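Protein chains in written order, with the working numbering: chain A, 1375 to 1732; chain B, 59 to 419.
Please keep in mind that the hints were generated in silico from the structure rather than gathered at the bench. One should not assume that every hint holds.
Partner residues aside, some chain B positions facing chain A, computed with beta carbon under 7 Å [unchecked claim]: (1) Ser188; (2) Ile212; (3) Ser217; (4) Gly224; (5) Ala228; (6) Glu254.
Using 25 Å as the maximum straight-line C-alpha spacing, the simulated DMTMM-like pairs for lysine to aspartate or glutamate come out as follows [unchecked claim]: (7) A:Lys1587 x A:Glu1412; (8) B:Lys263 x A:Glu1444; (9) B:Lys263 x A:Asp1439; (10) A:Lys1721 x A:Asp1702; (11) A:Lys1659 x A:Asp1610; (12) B:Lys183 x B:Asp168; (13) A:Lys1719 x A:Glu1678; (14) B:Lys263 x A:Asp1463; (15) B:Lys109 x B:Asp93; (16) B:Lys263 x A:Glu1459; (17) A:Lys1411 x A:Glu1444; (18) A:Lys1658 x A:Asp1692.
Note that the structure is a prediction, hence the values are computed from the model and not measured. From the three backbone atoms N, C-alpha and C, an ideal C-beta is built for every residue, glycine too.
Each chain, letter by letter, is given below.
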Amino acid sequence: MRPVFAPVFAVDRAAGSTPALGSPPPALGPANAPAGKETTYVDAINQGLAEELARDPHLVLMGQDIAAFEGAFRTTRGLHSRYPERVLDTPIAESGTIGIAIGAAVLGYPTVVEMQFADFISCGFNQLVNVAAKLYYRWQVPCPIVVRLPSGGGVGAGPFHSQNDEGWFAQTAGLKVVCPATAADAKALLKAAIRDPNPVLFFEHKFLYRRIKEVLPAGDVVGVLGEARIARPGHDLTLVAYGSTVWTCLEAAEELAIEGIEAEVVDLRTLIPYDEATVLASVKKTARALVVHEAPLTLGFGAEVAARLADTAFPYLDAPIRRVTYPDRPVPYARVLEQQLLPSKDKVLAAARELLAY
Amino acid sequence: MTTAPVSSASPATSGLADIARERLRRYAFMKLARDFDSRFEALLLTGRVSKWYSEVGNEATTVPAGLMLAPGDALCTLHRDLGAILAVYLDPARAFPEMGFGEPDGRRPDPVEILVRLACQLLGKGAGFSQGVERSFHYGYLAPEHGILHLGMISHLGSMIPVAAGCAFAHQLAGSGRLAVNFIGEGGTSTGDFHEGLNMAAVWKLPLVLVIENNRYAFSTPAHLQYAARQLSDRGVGYGIAAETVDGNDPDAMAAALARAAARARAGEGPTLLEAMLGRMRGHSEGDDSLKVVPAEELERYGAGLCPAARKRGRPRPRAARAAGRADRRARRARHLARARRRGPGPIDRHAARLRARLRG
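Isolated chain B (complex conformation):
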């Protein structure tokens, strides 16, 4: 089996300038993901989209995962992985021309066009990837000419793990050194497909990286009602595969863990299970009232220190200091929003309550 070069250099072996550039690149994508997300949260409030699943708080996990992928690697996402999607679709040199990310890679589509297409997809418009038949992140974008193989989700959680393993199997058969990365929430780890997919990937030594985005709440169900393991990476032993738990809010740590997993996959050493510990900063979907299950102190903590976009550590400076300031302000706004939500029902909730009352009456 030939081994393709691993796309994201390990910070330990790179120079300081490279580390700074890597961090800046991650930060640029995290910031873009959050801005994109905020716009859609606003669109939900005005009724322009019927549903929105926010990835706020997952960026430090998803962006390094997307950046880790080489051309032709398969990306299999859920509904909180916008950062990975942007990192795979967009050539940083063209998407952030003022930030000095080098020459355009010449392979990926025009960043503005692809962002418009993505926005159309999320808005259910004909110019979106699924021409309006699929909602939000349930689409697929298979564009080998751009080196992009993106498979979206179906609503049944866990189902895409075997499919992602199948993509990894195709790469293994082709002997291309390519891999597949797939995300799952901690809730989705309770499904049969998590077990069947991961076990088969382990038995067949498939180049699969499975990232658990553990935000400790599945809709409203807390982690202690979901699994009894001390940590989900402990399951790796049972499958005979490498597994580790990582601070999913630390982009440096995530990038390093992902680079280790990718190196194993490309070297034919089989799958890796990565458990990224995250915070639940939004509802299951926006406006579904499920953020109330997160205790207020816990939410405060995310805003103050855990939120990757507001963190001191790993923040590139001084070039992106202004952008960082904006992210801080956004994190504060998010905190205010969370507080506001906890104060009482918003206009949509009040409308829904009236509707329910009328239907009952």
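Next comes chain A alone, as it looks inside the complex:
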């Protein structure tokens, strides 16, 4: 079978252009990676971008208001001043920008495109699903682009600044879909995405940007796309989540532990490639599976997780596979309306208790 994805070890500058960009960029200032200090999710992404720009003199960043203004979320802070020729503002043209990124990537310039909000990716949909996703299958030419997508709700931003669009892309062969939940993963998986020879959609959860922080490991830590993580070990029930709902599940697991129930929380980290083995191993152990995500229910990624488990874990299950997700409707603006709809700790607990009763 002809491969859909370029092999990760072959980051091949397809067209073999040998660009001369002048003198090497200045070294990173110490302010970027302070030892022993906690780093927020958004700053972890900033560090990942800065380190990759320094590592690869061909890497280009494009997006709306990311250069001198340093991004709507300040994710590109300090980057344009250091790399003015490679950190570029674009017009309001999502399709044009992604198309340009594809052309540049094919000719040897891996490119990271920032969507100001994940919602706006719909304007660049065709370039991603038809040009980028199918390029390797059609031509066996790598297309190393990353689209960064500040996504998700819980911040009172209304129908067009709150969506979780990952499902649109998980269904398209040829795209990798990454949804980090922690600051360390945000940095390590972003680096892996940038070095991957395939188009990668990198969903950053806006709610997590400044709400979580941790001490990041030192050095050039590069994650692996396609490896889930056991966020909390347990043996009574498996909670499968990604992005912000990993934290919802951890809170729920904490509360269940008070009752003596040990829930295992699996953080998928990447939807595509999907780490089916880790999820299956967990469910074989716990015999119960609850999938939690903030994207809508119908054909959300949880549907795929449930279907795969129904296929492979059926002999091990003691209870039906359940999902706790956002309902099939747009995201309302008023916080009181939105909060009712988001998957919460209480909804996860209620579903978990139902499964544990079987």
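Please build the complex by placing chain B on the supplied structure of chain A, with the hints as guidance.
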């Protein structure tokens, strides 16, 4: 930014012998493109290919565009740009050894091998560029070792304009003085990607030459239902870029306009929009019945005077007189074919009608 030499010399500054050689070179490629195309039209009729998009009538635009490219320039084609592809793939000295095009350039692949590979691609065979997974002109051939960077199309028209602009952006970053050329039909100019790609190319002053092949019909939709502008090159003002409308059936005029555009691109002066006025001499795809939207008188006109291969002006002689005669005969055959098509349904149409009737019944 360093500036590479522009490959195709401007006729105004060359000697008469050079002009004659340039014309002969263009003519050789136009003729080859049309012969190649005719073979595939025949293969379609016998069912050996499932679909054929003919470039008959576009050669005087596509061939000069291909010949304008220097090694390492990016070529981004649609489905009526065979002439440009041949001009980029083939070393004229080796492809036409009897015509005195000088010494082989030593960089491009063996002409016979590459033509066989191209034919295999178009026939959907494993030895083609895409090993059979992509149809017709949707393949890519990125061979920097030969100085060839050819990106084919996706079916969504307009989509490749930003991608071509991205190739131009890569060349700009590399400071290589290279450019990207991209084709679009007049129908494709109505897409959002035409606007986004061209606008970004203009804002970033990218070395992009965008050639509109305006044959005035998009499948069946005539130009007046596609755009309200007097001419599409008028849009250049809106983007702040150079733009001109050229007789796309005049290879001399096209070559001159393309040379101006390439010089601007290589000098860092940004993109150029060229509107090449062409005739619609074939269907959208062959056998799809869409040639019937072209009025009979209009088709006649293409055959008689507009068709580049049948034109007196710019035709090299006497060396290629015999070849020119063959092209004239071919143009006449094309006219007969068009007439024949207008007379009534052919065997394929009749078969399709019977099938439809059976399905309805």
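Worksheet item: Are there hints from earlier that the structure breaks, and if so, what are their numbers?
Response: Those not satisfied: there are none.
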